[in-house]
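In case you want the letters, here they are:
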Amino acid sequence: MSAALTILQAGPSMSVQDLGRPGYRAQGLTRGGAADPVALYEGAALLGQASELAALEMAGSGGTFRAEADLRIALTGAEMAATRDGEALAWNASHSLPAGATLTLGGARNGSYGYLHLGGGIDTEPRMGGRGAHLAGGVGGLLEAGESLPAGRDRDGEVGLTLTPLDRFSGGEVRIVASMQTDSFDSSTLERFTGSPFKRDARANRMGVRLAQEGPGYSTEAALSIVSEVVVPGDIQIAGDGAPYVLMGECQTTGGYPRIGTVLPCELPRVAQALAGASLSFRFVEMAGAVRLQARFAADLAALRGTVTPLLRDPAGMRDLLSYQLIGGAVSATANPFEKET
Amino acid sequence: MSDWPKIRTVGLSGLLVTFAGEMSEPANRAALALRAAVEAENWPEVSETSTSLVSTFLAVDLAAIRPEEMRERLEALLESRDWQEAPLPPGRTLWHVPTLYGTDLAPQLEEAAAVAGLDPDEAIRQLSTARVRVLTIGFAPGQPYMGELSETWNIPRQKGLTPSVPPSALVVAIRQLIIFTNASPTGWRHVGQTAFRTFRPEAKRPFALSPGDELTFPAIARVELEKLRDRDESGQGGAEREALS
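So the protein sequences, as listed, match chains D and V.
Residues in the first sequence are numbered consecutively from 177, following the numbering used here.
Residues in the second sequence are numbered consecutively from -7, following the numbering used here.
No lab work stands behind these hints: they were computed from the structure.
What you are looking at is a predicted structure, and each value in this text was computed from that prediction instead of being measured.
Errors might be hidden in some of the hints.
[To be verified] Partial pick of chain V residues on the chain D-facing surface, computed with a CB cut under 10 Å: (1) Ala12; (2) Thr85; (3) Trp87; (4) Ser237.
[Said to hold, decoys possible] Negatives, chain V to chain D, calculated, CB over 10 Å: (5) Thr10; (6) Glu14; (7) Pro59; (8) Ser120; (9) Arg123; (10) Ile129; (11) Gly134; (12) Glu194.
[As the list claims (entries may be wrong)] Just so you have them, the derived chain D footprint on chain V, three or more residues with Cβ under 8 Å: (13) 32 to 44; (14) 65 to 74; (15) 100 to 110.
Glycine included, C-beta positions come from ideal geometry on N, C-alpha and C.
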């Protein structure tokens, strides 16, 4: 495996991630995987490759990279200012990154996790059936400047494609189902929980996201008598301080705190991507409704490949604008040339 | 009809069968036996199974499979036998993990003995001859909660936390022992130190222990522990294993 991409400068929390490592729950290791798996599906759609391939996850801010070979890349998830040798690149799009070119990704603007995908995927040696770092579990770790990443064989050649990302970057309403201890909270507590929005706390990582709210914390008598039992990503756990925590992919396998509800898997990327301070509110849905929402989500993911369209160049990003023959391309005085093809 | 076992859905991630409202040996045995039985059923809808102290989890995509359907099948399985009396599943292992008790490498042995009302020598005698079972694995990858020790060891956790015990530390509270996977703060008392690594992510077999395995912790001298630490790269820490049938 030869180096494809060298990390010249790394943000504070950069790791290789894929769809996770199922099958080890009995032995104390949760699935882990990308905090925003939707981004992996979008990257795969843009590059015309399998969604199981590994990509680079960047929490909060990106980094600087040098291509060691001719690469195709895609950029998804939280938007970051992106340049290739100084030239601006569109987010939610695929691009070429020729050998020697420098890619610079800035701070995340509308979400928490940005993703850099390579054509052929990041081809590090799989460990226990996956390539992703499970930071809490001690499998793999954060990437640092100076490290190089190999790419798998890239079977496609197309770049300059874009898609409209699935909506998940603005916080807002999150649908949940009842969980193990929902019934043990009294009705006024449940009404308060769903009745007023929370702010996504600054304390958030791949294990969990803390939610903050004015007013007293949440509690239930049942908290005292729970025998430690299974917990799953999406569970909203009421910790000792009375604040709800939404558990994420790298959470522990078991826990003894009461859970007031469970975020639907299709809504978890919305929680992951919410910026610190973003407003999140919760609404209970019945199991049947949850199944419908989850089915729609699966259909949306499956349809992503069909929504990919050619990227029209944004003149703001054209360094050499004057060298383009703008007049020659004009066929209509009224058509908006920057509208996406449908 | 008793309240137990209870079947509940866990979000859209699966179903949990809980055998009791508190930890007990029969309820833990039931959880282990049910897990083995579910594995043997080989239901294609079940992607993985796990146990915690008194419950068994079946990972099932409830967006694809109706919970009622799985619940009916589970109820039929539950009614097929008395789980609290069920034999423990086959294929388990008995481990003997060499352990240094006390000294500065396990500095809370004397304190734990005092809380249990024993002198330190008697505490070491009891801990080094007790045979315990992996009741559950959790908190960190591969980290076993083992029990149950005799009622003498029903000692509470400390009020304050020990800032950090090292990996492979043997700690005690509430009739249970833990071997820590990683350095960690804990309210349990650090009574022994092993060289046994519970999680070896780079190894072919990353997890040493499985739920239901049994262990003893024979006492060794400090010089022996240091020798094990120096020459053992496998993470086995000098542990010997035998098959349980």
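Now for the hints, and whether the structure bears them out:
no.	hint	in the structure
1	Ala12	8 Å, holds
2	Thr85	14 Å, violated
3	Trp87	15 Å, violated
4	Ser237	21 Å, violated
5	Thr10	7 Å, violated
6	Glu14	6 Å, violated
7	Pro59	7 Å, violated
8	Ser120	26 Å, holds
9	Arg123	21 Å, holds
10	Ile129	4 Å, violated
11	Gly134	6 Å, violated
12	Glu194	7 Å, violated
13	32 to 44	holds (count 6)
14	65 to 74	violated (count 0)
15	100 to 110	violated (count 0)
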